[in-house]
Structure formats: C-alpha cells, structure tokens
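For reference, the chains in residue letters:
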Amino acid sequence: MQNDIRRLLDAAASAAKEAAWVGLRRRRTSASYYMARDGAFDQAIGGLDDGVMVEVLYDGQFAYGATPDLSPEGVARAAASALVAAKAAAGKGVHRFDASVRPATRVSYRTPRARKAPIAPDGVFSFLIDVCDALKAGDEIIQTVSMVEIGRYDYEIVSTNGADVEQSLHYMGTSLQAVARRGDVVQLRTANGPRGLTRQGGWELFDAAGLMADARRVGAEAIELLGAETCPSDRRTLVLTPDQMMLQIHESVGHPLEIDRILGDERNYAGGSFVKLSDIGGFQYGSKLMNISYDPTVPGELASYGADEIGNLAEKRLLIENGTLVRALGSLESQARSGVPGVANQRASSWNRPPIDRMANLNLEPGETSLDSMIASIEKGVLMRTNRSWSIDDYRNKFQFGCEYGTLIEDGKLTRTVRDPNYRGVSSTFWRNLCAVGDASTFAAFGTPNCGKGEPNQVMFVGHASPVCAFADVEVFGGGK
Amino acid sequence: MTKDFKKRFDAVAARALGELLPDERGAISYSAELSAFMRFNGGKVRQSGSVEQADLSIKLWKGAKTYSFMLALSGDEGEDDERVAEAVGRARALMPLLPDDPYQAAPEAAGSSDARYSGTLLPEAEIPARVLGPAAGLDFTGIYSQGLVCRGAANSAGARHWFQTETFLVDYSAWLPNGRAVKSSYAGREWSDAEYAKRIAATKRSLENLGVEQIALEPGKYRAFITADALAEVVTFFSWNGFGERGLRQGESAYIALREGRESMSPRFGFSQDFSLGVEPAFNDDGELAPERLEIVSGGAIANTVVCSRTAKQYGVPANGAGEDESVRSISMDAGDLAEADALKAIGTGVYVSNFHYLNWSDVQAARVTGMTRFACLWVENGEIVGPIKDMRWDESLYNMLGAKLEAVTKERHLLVASETYERRQVGGSLLPGILVDGLSFTL
Numbered sequence: 034m035q036n037d038i039r040r041l042l043d044a045a046a047s048a049a050k051e052a053a054w055v056g057l058r059r060r061r062t063s064a065s066y067y068m069a070r071d072g073a074f075d076q077a078i079g080g081l082d083d084g085v086m087v088e089v090l091y092d093g094q095f096a097y098g099a100t101p102d103l104s105p106e107g108v109a110r111a112a113a114s115a116l117v118a119a120k121a122a123a124g125k126g127v128h129r130f131d132a133s134v135r136p137a138t139r140v141s142y143r144t145p146r147a148r149k150a151p152i153a154p155d156g157v158f159s160f161l162i163d164v165c166d167a168l169k170a171g172d173e174i175i176q177t178v179s180m181v182e183i184g185r186y187d188y189e190i191v192s193t194n195g196a197d198v199e200q201s202l203h204y205m206g207t208s209l210q211a212v213a214r215r216g217d218v219v220q221l222r223t224a225n226g227p228r229g230l231t232r233q234g235g236w237e238l239f240d241a242a243g244l245m246a247d248a249r250r251v252g253a254e255a256i257e258l259l260g261a262e263t264c265p266s267d268r269r270t271l272v273l274t275p276d277q278m279m280l281q282i283h284e285s286v287g288h289p290l291e292i293d294r295i296l297g298d299e300r301n302y303a304g305g306s307f308v309k310l311s312d313i314g315g316f317q318y319g320s321k322l323m324n325i326s327y328d329p330t331v332p333g334e335l336a337s338y339g340a341d342e343i344g345n346l347a348e349k350r351l352l353i354e355n356g357t358l359v360r361a362l363g364s365l366e367s368q369a370r371s372g373v374p375g376v377a378n379q380r381a382s383s384w385n386r387p388p389i390d391r392m393a394n395l396n397l398e399p400g401e402t403s404l405d406s407m408i409a410s411i412e413k414g415v416l417m418r419t420n421r422s423w424s425i426d427d428y429r430n431k432f433q434f435g436c437e438y439g440t441l442i443e444d445g446k447l448t449r450t451v452r453d454p455n456y457r458g459v460s461s462t463f464w465r466n467l468c469a470v471g472d473a474s475t476f477a478a479f480g481t482p483n484c485g486k487g488e489p490n491q492v493m494f495v496g497h498a499s500p501v502c503a504f505a506d507v508e509v510f511g512g513g514k
Numbered sequence: 004m005t006k007d008f009k010k011r012f013d014a015v016a017a018r019a020l021g022e023l024l025p026d027e028r029g030a031i032s033y034s035a036e037l038s039a040f041m042r043f044n045g046g047k048v049r050q051s052g053s054v055e056q057a058d059l060s061i062k063l064w065k066g067a068k069t070y071s072f073m074l075a076l077s078g079d080e081g082e083d084d085e086r087v088a089e090a091v092g093r094a095r096a097l098m099p100l101l102p103d104d105p106y107q108a109a110p111e112a113a114g115s116s117d118a119r120y121s122g123t124l125l126p127e128a129e130i131p132a133r134v135l136g137p138a139a140g141l142d143f144t145g146i147y148s149q150g151l152v153c154r155g156a157a158n159s160a161g162a163r164h165w166f167q168t169e170t171f172l173v174d175y176s177a178w179l180p181n182g183r184a185v186k187s188s189y190a191g192r193e194w195s196d197a198e199y200a201k202r203i204a205a206t207k208r209s210l211e212n213l214g215v216e217q218i219a220l221e222p223g224k225y226r227a228f229i230t231a232d233a234l235a236e237v238v239t240f241f242s243w244n245g246f247g248e249r250g251l252r253q254g255e256s257a258y259i260a261l262r263e264g265r266e267s268m269s270p271r272f273g274f275s276q277d278f279s280l281g282v283e284p285a286f287n288d289d290g291e292l293a294p295e296r297l298e299i300v301s302g303g304a305i306a307n308t309v310v311c312s313r314t315a316k317q318y319g320v321p322a323n324g325a326g327e328d329e330s331v332r333s334i335s336m337d338a339g340d341l342a343e344a345d346a347l348k349a350i351g352t353g354v355y356v357s358n359f360h361y362l363n364w365s366d367v368q369a370a371r372v373t374g375m376t377r378f379a380c381l382w383v384e385n386g387e388i389v390g391p392i393k394d395m396r397w398d399e400s401l402y403n404m405l406g407a408k409l410e411a412v413t414k415e416r417h418l419l420v421a422s423e424t425y426e427r428r429q430v431g432g433s434l435l436p437g438i439l440v441d442g443l444s445f446t447l
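Sequence lines, in order, name chains Z and S.
In the working numbering, each number is its position in the first sequence, counted from 1, plus 33.
In the working numbering, each number is its position in the second sequence, counted from 1, plus 3.
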C-alpha cells in the first residue's frame, strides 16, 4: 500500500502545485456485526469503507478534498478542489498555520493481539444464542439481546514534508441486554452499558466463559430490579463503578478540556466549556485525589494509537495532577492557536471528515482505597452501576446521569438494591467532592465507540479506565413521572 | 466523481440484483453526495473543503438465511462493478454459516418513484465571502454545507426508487461577549443573498434581548413557551424508545403505558409521519414505500405504530414501510389555535424557551426526559421580555409536557430540515408548532 499512496501523493502535489504543503490520509475500515435476539438470529452485517482525504496548505490556510476514488486522477481532482477551498478561505481563517502542525512523523503501530484468526460466523452465533439463553433468567425476561462487533481501522498518512504513518487498530465489542417485566414495572439491564465492552485486541476478547457468566448475572439482576424500590431522593455519598465512571470522566472532564471547545469551535453544536485557557496550570478541578491522564499507550484500551491523524506522536500526559489542571486536550493546531500545552489528539471519524480535537484514552489513575474499606467508611450512600442516561449542559457544568442498578449503603454496608438511580450536579463541585479513589483491584477499562462532536458531525471511539470512586454530598433520585 | 449518480445507481443495482441466482432475493439501498463544507468560528474560517462519496448496502435472502453488507463505492464504473460482484460472492460463501432467520421478510413491493430537486448553490470559491461577509461584526459560529444528496433503493421484486436534492444550509449562532447567543439557520435549494441578509438582520435584532444581565431562576415549576426549534429536540424521543411496534412489544418503548391505557396525553397533542413535507423519500432501504401520511398519535392516543416487515412477520401485524429501526420519519405535529404573536402574553410570567440541549431519558418507562435550556431563553413577566435566563436543567415526563400540562399549541408551524451530518448529510425534517406548558419542572 505504501507505494500506492506515495504515487497518490505525487498526483495530489502535482495538482496543487501552489500549495506550500500537501498531505494524504487514507483510512480503510472493515467491520462485521452479529446479533441474536431472544435466542435466535437477528442480524448479520458486514461493511467495507475506503477513501482518502487530501489536505493542502495555501497562504496559511488548510483545506481538504475527500474522495473514495483512489486513482491518481481521482486524488488529483480532490487536491485541486482542496486548493480552491484553501484559496477562497486564505486570509479569512481563525489562524495562520504553517507546516509545523503537520510533523514529519514516521511511525508504525498495530494493535497487540493474542489471537488473530477469526472464529467463523456459525461459531459466533452458536455462542450468541447460548448467551441469550443465559440472559433469560426467568419467565419475567421479555427480551434478550447479544451482540458481537469486530472491526479494524487501517490508516496511512503521508505528506510532502516526509510524514509516514501506518497504523492498524483492531477492536471487538460485545453487548448483552435483558429486559424484564412484572406488572407495570419494566427494567433493562446490560453488561456495562451500551457498547461499553468495546476494546482493542484480537479474538482473545471473545471470552466465552466470562461473557456467559456476565449474561447469567445480567439476566438475574434484571429480574431482581423488578422487585426493588426506587432510588431515594436526597443527598448522600455516591459510589460509582468503572462502567459509570467512564461516562462521568467523558462528559465532565474530557469534553470541557478539549481546547477546540475552549476556543469556541463547538459553540454552535456540542458546546463550549466552563474551563478557560487561563485555568490551565492552576485551576483546582477536583479534590487532591483526582489524577487524570491522557494515555493512548495502554494496550487494549479502545483509543490507543501510535500517532494522531495529523501525524503527532502519541505519548502519555497527565492532565489533572492532585486535582489541579495542568494540561488540556488540544492538538498541534489548537496549541498553535491557544499557546497552551496539549496532546496528540487530532482525530477524524473517517477519511471523509477533517480531524478535530478528541479525547483518545482518558483515565483516572488508581488510588489506595480498597472497595471494602471505601464502603465501610460510608454511613449513608448509594452505589450505582452501569450508565444508562447522560445529559450535560453546553459548557459541561450542570449534568444529570442515570444508571441501571443501585445498591444502598447504610452504616458501612451494602444493603438493598434500588432501581432507576439517577444523580445530578455541577462538574467541578462534584469533582471537588471526590472523597475516595479505589485501588488497582477496582480498576477497569471500557470503551465508548459513539462520541458525537464536530461540524460536519463525527462519531468517534474513545477509551476510559477508572477505579471505583466515591463522591460526597451528591443529589440522587429515582424514577417515576 | 460523476454528478449523474442515478446512472451509477442503475449500474450497481443491475450488477447486484443481476448476480442473484433463482433461489436468491435481494434489496439494495444507495447513498451518494457531493458536498462542500465550511466551518466557521468568530466569523472566520476554521476548516473547509469538499467531500464526494457513494455507498451501497445490499441485503440478501437465500432459503432461511439473511445477510447484509455495506460497501463504499469508488465512483469508477469498472472498479465498482467488480466490488459489487465480489461482495455478492463473499456474502454467498458466508450465508451457509448463519443460523436461520425466523422472521425473514424479503420485500415483495415492486413500485417505483423518481423525485429530483435541483438547486442554485454558491460557487465553491465564493462560499467564505458570501456566507461570512453579511455577518461581519458578529461573533458568528457554525457550519455552511451545500451540494447534491442522493438516495436510491431497489429490490429483486422489481422496486426502483430514486430521490435526489441539491440543498444548502447555514447552521449558525451569533454570540455576545457575555456568553449569550442566538441560534438560527438559513436552508433551502435556491440561495438568495437578500434572504440570507434578512436572516442575519433578524439575528442581530434578537441579540438585543440578550445584552442585559442574566436572570438566575430557582428550581421549581414554571410556565414555559417551547418554540418549534426547541421542540425539535423533543421530537427525537418519538423515535428513540418510541412508537416502533417492536419496542412497544419488547419493553424498550417509553409509551407502553400510553398504549395500555395507564397514561394519556393531551387531546391537543397529535402527530403524523407525513412525507408530503417533501424533505425525504418515503421508501425504506428494502425498497418498500410508506404511506404518504400515517397518524401516529391522534387526540392524545396512539393511532398507529411504525412497523417494519420483519416485526410484521414476527407479530402478525401489517407492515407500513418502516425501516428496520422503526423510527418515525418526516414528523408533522398537529397545529393548535394559539397565535405565535400571542406567545408572550400567553406565558404571562414564565420562560420563553428558544432552544433545548442534550436531552436524555431520566426514566424511560415514565417517559421522563431531562435536558438543558440553551441559547436565547428569556424570562417573561406579565407578557413582557425581561431578559435572558441562566441556563437551567429541566426534568419532565412527556406525559406531563404533552399531557396534563400542555395548555396550548400554536397555529403556526415551522419546517425544520435535518442538519445532521454523521457519516453523510442527512435528509428529512419536521413540521412543528410551538407549545405552551404550565409547570415545566426546572431542577438545577
């Protein structure tokens, strides 16, 4: 493929001779998706996408032309179109860029995989149907769903200043769901939320024994929730497991720290940020227990990679250290515009969308508290598991999140199960009330393949890892009209 | 890439369906576009460029087996012909490895349609000057998109459907230094500098309401007029855990209590799926046509659900041309008798909600939704605007908002076209009134 894309780069550069810099970013995506419902076949879907985005730099302005036509003639037309757009916008841009924001990085990255040979579709479906049986823990289960998605993203980035990036990211996601009904009460339970069990890796992630155990638990808990009382409405200590922490980190830390949001790019769509550029380096974001890292180097986490999609080499960076904001999520372009330090996070949903600031893997570092001692220290609290609802304002301040499953904590003990648990708060107030961070034994990584942002819109895969955490004095409440 | 996507659609349809053996049936759906985008922030260009793309989704049925695959097309006739043929071959090899599909529903519809809407769009080299020029002096943020969008569907029963339209959209907001903003858009098929200038002028006038100090509301229940723009965010919840037959049967719908008579909505509330809006085709991916108009809720009660052929097979109910996700398309909400001009007077004292943001379920089974106010939401006292409010979180059951608390619906309705561009520029839209709600619950 390298020879092909070099030839295409030559064609693009020839068609845009007035450009100061030309780059090509090819992305090939292949995916398969298998789903069973109620113990029978539901869907089998395959997909293949391939195309290239040509970028040109003219008079300080970048512009793009994206095409699925991978012939030299097709790429040349895309380059010529990009040059027209760059010329039209030159002098009218938000910043006068130069090629330093497109480094000449040379790197190759491939997802580590223990098992590379695929299981045939009949084997996958046999398992999915068995999983549905396991999810059906009783007659009150009215729907079971099991799903596996497998895919890979292959990237090539080359440029006239010598960038040469080649990466292959392999992923697998599994979803398990049971819906139970008793009279007028209906409850849904999943394994770690909608597509939360999506990670990079090979077929070793097809952990039949582990998933089967999860399915039995999910089905039993769906029925258990039917008899549970609704979550109380008051203020108490809130304990969140990693499959809810991923959402909490994503919405109330990740998005507000994206520098393009701070610079206002997203104000018309996803929103801005309560964080100001002047906050970086001194703002007390959370309690001293809060340490958040951008880490695209974690093997197996969903958004691990060698370089971002403008060719910036990916390295771990601490963003929040002992509660203080020290760095934000901004690409080389955002760093040039803002003058603050950032990370390698300019990424695109595919070849047909321009890269923008994204989260990648955003993780909360483990602390020193065991789960038992954390629970024992709480007089009045609730533990919530598994995200089911998320809503936050456009500055990423006022949020309300809901979970699938709650357990009351009374006098240091986990007591009764509660259904429809929700909580709301304000981001930095909430994080300043972080009162316990679980140790490494409570740490788990999950992935979110459906983060929406950008104009034109882009959906992106990100990873979040976290220990169990406790937050003091949180407003919690249950369901009902 | 050619602008004659219809010719390309005919060619790949002929190849895909022509490859089928006598015991195989198939359906294809096709999507293509030539788009120009310009993202802007602070009245300046952030990113701009063009995208050309075309893709094909093929569904095959053989015996009791069902398989679908999606394929990007290069635009080169010979190359795409080979890709389609190879993909059919790969599918044929894979299908014996699949379990039987108990609810297989190969389409039998054989109709045809061909709708084409041409437009007058901006020359690409003039986009920055003609979009940003009239907004000079404003902190102007958003996106301009334009170009040709195509959708096609065909099946082995003989259906052939085509839809193409050339459109533009300026989706923007204008901001004051105090962080308040007015959101608006200008969309259509025939660009007019004069019409666009009028829209910008109206935006500037609306900004005048936002310069005064913001009013912080206490949590509580408030009278609220919800504009059509804000209601567009709520309409999403008619499809997401909504009025699809499968979701109602399998416990995922928010409207099970409505169907079972345990809850009700206001007699003032009703909506239909109405393709006479002309913003998207009535055919689905399998080449089946939905009726031009289908009442979903009438007089506060469920009149019909949206049903795909697969659900119809499973539950023995008639299908009505829905896609497999059973979402409601082209929503047309019934008008009422409140004049928009009287909205402030009708509020009396309360909140004028221009926009909502980031809605999600608080409790699906109670049809309870939470969200934020956003952009130019105003505090009104005795029918007069006092000033902008600080954004508030609200949390309310749709059985209240569109039920007992629904006080009035406006006579006027607004056509709001789809602005989403995930993967591709979307088609579609909704015709919506504004509503007056007595006691919307603000919580944070």
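Watch out, some of these pointers could steer you wrong.
Lysine-lysine pairs mimicking DSSO-like chemistry, simulated, CA-CA at most 27 Å apart [said to hold, decoys possible]:
#1 Z/K309 - S/K6
#2 Z/K321 - Z/K309
#3 S/K393 - S/K207
#4 S/K393 - Z/K514
#5 S/K9 - S/K201
#6 Z/K125 - S/K47
#7 S/K47 - S/K207
#8 Z/K50 - Z/K120
#9 Z/K413 - Z/K446
#10 S/K393 - S/K348
#11 Z/K125 - Z/K349
#12 S/K47 - Z/K120
#13 Z/K50 - S/K201
#14 S/K348 - S/K224
#15 Z/K125 - Z/K321
#16 S/K224 - S/K393
#17 Z/K309 - Z/K413
#18 S/K201 - S/K47
#19 S/K207 - Z/K125
#20 Z/K514 - S/K47
#21 Z/K125 - S/K201
#22 Z/K50 - Z/K125
#23 S/K65 - S/K316
#24 S/K65 - S/K207
#25 S/K224 - Z/K120
#26 S/K414 - S/K348
#27 Z/K349 - Z/K413
#28 S/K65 - S/K224
#29 S/K201 - Z/K309
#30 Z/K514 - Z/K446
The set of hints was computed from the structure by calculation and includes no laboratory data.
When the hints from earlier in the document are held up against this structure, which numbers fail?
Numbers 1, 5, 11, 13, 15, 17, 20, 24, 25, 27, 28, 29 and 30, in rising order.
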